[in-house]
Structure formats: structure tokens, C-alpha cells
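> What follows is each chain in one-letter form.
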Amino acid sequence: MSITLFIEQVLNGLQFGFMLFLMSAGLTLVFGVMGLINLAHGSFYMIGAFAAAAIASWTGSFWLGLLASLMAAAIAGALVEMVVIRRLYKRDHLDQVLATFALILLFSEATRWLFGAFPLYLDVPAILSGSLTLPMGIVYSKYRLFIIIVGILIAIGLFLLISKTRLGVRIRAGESDREMIAALGVNISKLYTIVFALGAALAGLAGALIGSIQSVEVGMGEPVLILAFVVIVIGGIGSIKGALIGALLVGLTDTLGRFLLPALFGAFLDPASATSIGSAIASMLIYILMAAVLIYRPSGLYGKMA
Amino acid sequence: MSDSILSIQNLSKSFGAIRASEDISLDLHAGEIHALIGPNGAGKSTLIAQLAGEIPQDHGAIFLGGQEISNLDTVARANAGLARSFQVSSVVPNFSALQNVMLAVQGNQGRTFTFFKPVLRDVELVDNARTYLQQVELEGRANVSASDLSHGERRKLELAMALALEPKVFLLDEPMAGLGAEGSKAMTALLADLKHKAPILLVEHDMDAVFALADRISVLVYGRIIATGTVEDIRNNPDVREAYLGSESL
Amino acid sequence: MQERHFNLLCIFFLLAIPIAGLVLDEPYYITLATKVTILAIAGVGLNLALGYGGLISFGHAAFFGVGGYVAGIIASHALNYDPILEWPFLIEGTTQMLILWPLAIVISAFFALIIGLLSLRTNGVYFIMITLAFAQMIYYFAISWPSYGGEDGLSVYLRSSFPGLNTMDGLTFFGICFVWLMFAVWLSSRMTNSGFGLALQASKQNAVRVAAVGIKPFKVQLIAFVLSGAITGLAGALYTDLNRFVSPSVLSWHTSGEIMIFVILGGVARLYGPLVGAAVFIVLEQTLGGVTENWQFWLGLILIIVVLFARGGVIGLLTKEVRNE
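Chains as they are written, first to last, in numbering that gives the first Met the number 0: chain D, 0 to 305; chain R, 0 to 249; chain G, 0 to 324.
If you're looking for bench data, these hints aren't it; they were derived computationally from the structure. In this text, all values refer to a predicted model and were calculated from it rather than measured experimentally. By construction, the Cβ of each residue, glycine as well, lies at the ideal position given by its N, Cα and C atoms. Incorrect hints may have been included.
Which residues of chain G face chain R? A partial, calculated answer using Cβ under 8 Å [what the hints assert, rightly or not]: (1) A201; (2) Q204; (3) L241; (4) N242; (5) R243; (6) V282.
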């Protein structure tokens with residue numbers, strides 16, 4: 000196996016990881032600040048992808064499509080928060096799981112009704128299509144590199160937002176002491192709506208970015224949602240830093256596992272069974288990782304101990 | 000000390016640089032109430048948590064009835080004969096008072112793992128539990144949900160649960176907390192009776208109750224026991240006066 | 000209406016539907032009633048952990064699917080005259096329900112034991128998510144393991160047999176499932192009213208208190224989790240026989256979500272909650288599906304309304320029996 004192939008897989012893992020980070024950041028914030036398990040987070044991913052595909056094909060501009068994904072997901076997020084979600088904050092996890100599971104059905108059907116059952120496709124803009132030759136002769140897709148860069152920029156932006164701005168101060172305060180910041184006159188329900196919409200927008204962006212690699216279709220949010228949950232549980236619920244580390248871990252583990260395990264088993268098994276055992280275990284690998292982390296640290300890597 | 004039921008020897012615990020308990024030694028004799036007092040932040044709660052098995056000690060050992068229990072967990076200590084009440088009432092809220100006590104009886108008799116016998120029709124268990132409710136004067140409230148009991152009644156319910164464990168030692172964390180004058184009086188009477196069943200280590204802020212009940216008192220300040228003695232000894236101890244009243248006596 | 004009377008009414012309806020199916024010559028009614036019954040058994044299993052024990056498992060599809068695959072795999076070996084194991088000793092497949100059931104129960108209980116041992120170290124959301132993770136592991140394993148059909152699933156072209164009964168007859172098979180449901184309900188009723196049930200429900204509300212009276216909450220919860228997994232596993236085995244087919248979809252997180260919905264919809268920690276929940280869910284699915292293509296939208300809407308405005312589930316709503324769960 001060549002080293003360039005390996006590095007290419009590492010880059011793929013990073014790209015996958017940063018996409019998962021965009022998904023997980025909102026999920027972990029909403030959980031940390033509002034204590035809400037939101038299964039419908041994957042719906043914002045889907046909404047973002049559909050909005051981007053629709054606007055991009057209408058205007059012909061990929062960039063307007065990206066902008067539309069942010070806006071559409073944020074608006075959907077704010078609306079859902081105000082109509083349904085805010086009634087769930089004080090409920091137990093069971094009610095939250097059921098209600099947000101129901102929201103998935105709602106969103107999926109509404110999208111199917113609007114756009115039909117056929118998948119849409121989102122084209123990569125000319126400037127990002129094709130590949131780039133990196134040092135060491137590694138040839139890599141420009142678009143995937145673009146996703147990595149967007150992911151890094153958003154990660155930096157989020158850390159600055161949380162640590163340097165007034166909104167960030169309030170978010171952090173909201174995590175530790177809800178009653179107190181309400182008593183200090185911060186409009187807590189507005190804060191919650193903003194946090195929820197922000198998280199939704201990031202998920203929408205993730206959906207739009209992935210929409211150019213995969214097809215845009217109803218139900219695309221669900222596999223990603225489960226992965227995002229794995230990420231935030233590994234990282235520790237409520238921690239942005241945990242979400243970043245967790246996302247990269249999951250992205251790399253999954254990508255490299257699928258790449259390396261069949262080869263590894265090939266060393267002592269016949270090729271056919273090596274491929275099937277290798278890929279069977281590779282597909283379970285991130286769940287094994289998650290279980291291992293939780294058994295070792297029951298509240299995730301950066302989670303507060305219960 | 001042949002008649003010491005609970006014996007704490009050189010117990011120490013630090014959290015980082017903070018020494019929550021420092022070389023604490025203390026013992027509890029049969030039939031006595033040994034009160035543990037001290038200003039806020041003296042480390043009383045830490046000591047209780049160490050005795051109950053929630054926080055491991057750094058050094059030292061705890062003996063119950065001559066047997067070392069230092070390395071047992073909460074469950075094993077309860078089974079070894081340590082019954083505790085909590086500073087903030089801790090009962091099972093949606094259970095009736097009777098069910099709460101039945102749970103404790105079950106725990107004591109090791110009868111939790113019966114799967115088919117309806118527990119409310121287990122006459123022996125129910126009667127047993129009722130007896131304990133009677134002893135704390137709650138028999139009339141047996142079928143009231145614990146969450147609907149008054150604060151004082153919940154305090155009594157905790158005592159009944161402790162009794163149901165038929166323990167060697169009672170570990171009572173501020174049983175008077177939040178009780179009015181009437182309630183404190185009733186509780187004082189109950190505790191005076193209780194010590195004949197098993198000795199009590201009593202952590203309490205209510206000094207009237209402590210002075211009325213305690214056979215001996217230990218004073219805990221900054222994680223150290225600065226004095227142990229009878230009520231008279233403690234009242235007249237200059238170190239205790241300083242700890243409580245500041246340095247005015249100097 | 001009292002909950003007890005309501006429960007009797009439920010049993011009456013459950014029995015009336017397949018009989019109506021027979022009279023009206025609509026075998027589909029019988030299949031539907033059987034499906035409700037089997038899913039209700041799965042729910043009764045989950046309710047033991049989730050309702051009475053407060054253990055919110057989002058991974059019960061694992062046990063449902065393991066039970067289903069155990070039944071499917073062993074039966075398919077027998078139908079293909081292909082022994083499961085030849086060396087070191089011969090193990091043949093079988094289509095005998097009396098052998099398949101105990102195996103499904105024991106093997107899913109074993110999975111529940113392992114998953115429970117590891118998962119019960121966590122609590123709250125982490126517990127929800129780690130149970131989901133274990134179920135996903137098994138799901139992906141089933142998808143990528145080619146021997147038993149992988150993603151396409153495994154067909155079992157004959158329903159397994161029971162001595163003296165014709166299991167291919169819809170009503171007979173319904174009867175078998177119905178007896179199992181009644182047994183599962185009876186079992187969970189005995190269990191939750193026993194000393195063990197007292198400790199289990201206490202552990203849900205105040206584990207510290209339970210430990211302080213000398214009972215290990217972990218042990219109590221683990222036993223409940225294993226029993227819960229075993230019951231759900233049995234339901235999975237019956238489900239394979241109903242469909243004569245098993246595929247990874249029974250292991251997917253949708254299945255976990257649906258079993259959970261049955262329990263919540265009917266009413267958490269109520270004996271007949273899972274039956275009512277499964278019945279309401281399946282009936283909604285069928286009637287809405289007949290009226291509109293976008294039935295899932297309306298199903299979602301109804302579920303949200305139930306969560307927001309009908310606490311205590313359908314049984315709570317209809318019997319007006321308020322409880323503080």
C-alpha cells in the first residue's frame with residue numbers, strides 16, 4: 000500500500016470528520032444549553048441540502064445555494080423551536096425522543112411532498128471541481144479540501160463566538176445556571192431560539208456541502224444524525240471541543256477502518272473472507288469506539304461528570 | 000475499647016490542596032449518642048460521605064462491630080449494619096410511606112430477589128414495615144405517598160427506614176434540619192428512644208437538641224477534631240469557644 | 000373508566016378482530032392483529048426496563064433482531080438440510096418452535112446481559128446513546144455479514160411448527176402469539192408487584208436511597224434489562240415466523256424507535272400500554288396509509304400532539320387515571 004494512498008484516506012477521514020463536526024456542533028450546544036435530545040437535527044441537514052439544490056439549480060449559483068441552505072435551515076430551526084421544541088425543555092428525555100422522532104416524520108413527508116421522491120443533484124462549481132496536486136505528489140479533490148477548510152473556519156468561528164462574544168457568554172452561562180441568567184434579565188427564550196437556529200443552520204450547511212458529493216434525498220439526514228450522536232457522546236455532551244475531537248475521531252476511524260481492516264485481515268485470511276470480515280468489522284468500528292470511550296469515561300471525553 | 004461499636008481511626012481525605020478530613024479518630028459506644036458538631040465547612044458532610052462509603056478515604060480505617068468496613072461500598076456497609084439518614088430527606092417519592100419502609104425491610108432481610116410473590120400481600124413484610132412506622136408515629140400515614148408527606152413526616156419516614164435496617168449504628172445527618180420547634184421536640188424524643196436500639200452518630204446544628212441528647216460531643220473544625228468530651232467539657236473548652244465565637248475570648 | 004376495565008376491553012378487541020377477519024373472510028385482519036400482538040410483546044419487554052426501571056433503551060431493536068435472526072437462521076438451516084455445525088459435533092437446524100423459542104430467549108438474554116453490563120455504567124442520555132450504539136453495531140454486522148443474506152435478509156419459506164397445531168393457519172398462529180402476549184403481561188405484572196419490582200421502581204426514582212438500604216441498584220436494573228431483552232427477543236422470533244422473513248431492518252434504529260413509541264403512546268409503566276400503543280400505531284399506519292400517501296406526516300403530527308397534550312399516553316387519557324411517573 001502506498002503512502003500517498005494512505006494520506007489520501009486520512010484527508011477523506013478529515014473531510015468526513017469536519018462534516019460531522021458541523022452536524023454535531025448544534026446538537027451538542029442544544030443539549031448542553033437546553034438539555035434537549037433532538038432527533039430531528041438530521042432534518043435540518045436534509046432541509047439545507049434541498050434548499051441548496053433548489054436555489055443552485057434555479058439561480059445557477061452554488062454560492063447562493065450555500066447561503067440558502069444556511070437561511071432555510073435557520074428559519075426552519077427557529078420556527079420549530081418556537082412552535083414545538085420550547086414546550087419540551089422541561090419534559091423528560093422520553094418525551095423529547097418521541098416528539099422529535101415525530102418531527103422527523105413530519106419534515107421528511109413535507110419535503111417529499113414539496114420535492115417529490117426523486118433525488119436531486121447539486122453540482123460542484125467550476126472553481127472547486129477537479130483536483131489539486133499537493134506536496135509529495137498527492138492528488139486530491141479540490142471540493143473535499145474545500146469542505147475541510149470550511150470546517151476549520153467554522154470551528155475557529157465557533158470557538159471565538161463562545162469565548163469572545165456576549166452571545167457566547169450567555170450560552171456558557173445558560174449551560175451552568177439557567178435560573179441565574181434569567182434572573183439577570185437575559186431574555187432566555189430568545190437566547191434558546193438563537194442557539195437552536197444556529198445549530199440548525201450549521202447542520203443545513205453540512206447537508207448542502209455533502210449534497211454535491213452524494214445525492215440529495217429524503218431520509219439522508221438519519222444516518223448522519225446517528226453518527227452525530229455518536230460524536231457528541233464520545234466528545235462529552237455540551238462540549239464544542241468534545242464535538243470537534245469526537246467528529247475527527249469518528250471520521251478518521253470510520254474511513255481508515257474501511258480502508259485498512261480488509262487489508263489487515265488479508266494478511267492471514269483468504270481474500271474473500273478477509274473482505275467480508277474486514278468490512279463487517281469496519282462498519283461496526285465507530286460504535287465499538289463509542290462503547291469503549293463510554294465504558295472508560297461514562298460521560299465522554301470532555302463531558303462533565305454526572 | 001471493647002464496647003466501641005463504630006470506630007474511626009486516623010481518617011484523612013484531601014481534595015487537591017484542601018484537607019477535608021485530617022487524622023480524624025472517633026468512636027461510638029453501645030447505647031450512646033455521640034454528636035458531631037462544627038461550624039459550616041468544617042468537613043462534617045465529607046466525613047459522613049466517607050462513613051457511608053461514598054468517598055474513599057486517603058488514609059485511616061473504619062471499623063463496625065470490630066470488622067473493618069473501610070473498603071466496602073455503600074451497599075455492603077448498609078448490609079454490615081450502618082443505617083443512615085440524609086441531610087436532605089431522601090425517600091422514594093412516588094412510593095407510599097409503607098412501601099418506602101418495606102423497601103428497607105427487604106434490603107435488610109436480603110429478600111429483594113423474589114420475583115413472583117406480590118409484595119403487598121406478603122403479610123409478614125407488611126406487618127414488619129408497619130411496626131417501624133408505628134415506632135416513629137407515622138402509622139396513620141402509611142398509605143400516603145411520600146411526596147405528599149410534610150417535611151417533618153418525611154424526616155420521620157427516613158428514621159423508620161433506618162430502623163427497618165435493624166442496624167448496629169445509626170448515622171444521622173441533621174435530622175432536625177428544617178423542623179420547627181414542635182417538630183424538633185418530637186424528633187428529640189424519638190432519638191432519645193432510638194439510642195437504646197443502636198448507638199447514634201449525630202451530626203446536628205441544633206445546639207439545644209445536641210445538648211439535650213448527646214452523651215458525648217466531638218467538635219470538628221477545618222477537618223480536625225479539636226475536642227471530644229461530655230456536654231460540660233465541650234461547653235467549657237476554650238478551643239471550642241474560640242472556634243465558634245472567634246478570638247473574642249483571647 | 001377504570002384502567003382494569005379498559006384492559007379487559009383491549010383484550011376483547013384484540014380477540015374480536017381476527018375473528019371478524021375469519022367471519023368476513025379478510026385474512027389480512029388476522030395478519031394485522033398478529034402483528035399488533037407480536038409488537039406488543041416486544042413493547043411489554045421494553046416497558047419492563049423503560050417504564051418500570053426508568054432505563055431508556057434506544058437499542059431494543061438489538062434484542063428484537065437477535066431473536067428474529069436466531070429463529071430465522073436455525074429454521075433456514077433445517078429447511079435447506081444444511082447443518083449449522085459439523086465439527087467438532089453435528090448441530091442440525093430445526094423448525095420446532097419449542098426449541099426455537101427457548102434459544103431465541105436465551106440468546107437475546109445473553110446479548111442483553113453483555114449490553115446491560117456495559118451500558119448500565121452510564122446514565123441519562125449516555126445510556127440512551129450507548130444502547131443505540133450497541134444496536135447499531137449488530138445492525139451493521141448483519142448488513143455486512145454475507146452468510147445469511149446480508150442486506151437482503153433471509154427468507155424462511157415455511158413457518159416453524161408446533162406439535163399438534165397447524166401453524167400455517169393464520170388464526171392458529173395468532174392464537175400462539177396471543178397466548179405469549181398474555182403470558183408476558185402476566186409475567187410483568189407479577190414481576191412489577193413483587194419485591195423485585197419494588198426495588199426496581201425504587202431504583203428508577205432514587206438509586207442512592209436504594210443503595211443506602213443495602214440493595215444494589217445495578218444488580219436490580221441489570222436483571223430487569225436482561226428479562227426485558229429476553230421478552231423482546233421472543234417477540235422477534237415470532238415476528239420472523241409471521242413474515243417468514245428476517246432482514247437487518249428489524250435491527251435498525253427505526254425499530255428501536257417504534258417499540259419505544261408503542262410504550263410511550265400507550266402509557267409508560269402501564270401493563271397494557273404497549274398493546275394499546277402498538278394497536279393505535281398500526282391502525283393509524285393502516286388507515287392513514289389508505290387515505291393519503293403522506294400518511295407519515297399526519298402520524299408525526301398526531302404523535303407530537305400526544306406528547307404535548309396527552310401525558311400518560313392513550314390509557315392515561317382514556318382512563319383519567321393520573322399518575323406521577
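> Taking the hints in turn, state whether each one holds.
Against the structure, the hints come out as follows:
{"no.": "1", "hint": "A201", "verdict": "5 Å, holds"}
{"no.": "2", "hint": "Q204", "verdict": "5 Å, holds"}
{"no.": "3", "hint": "L241", "verdict": "29 Å, violated"}
{"no.": "4", "hint": "N242", "verdict": "32 Å, violated"}
{"no.": "5", "hint": "R243", "verdict": "35 Å, violated"}
{"no.": "6", "hint": "V282", "verdict": "32 Å, violated"}
Going down the numbered hints, you'll see the structure goes against 3, 4, 5 and 6, while the others check out.
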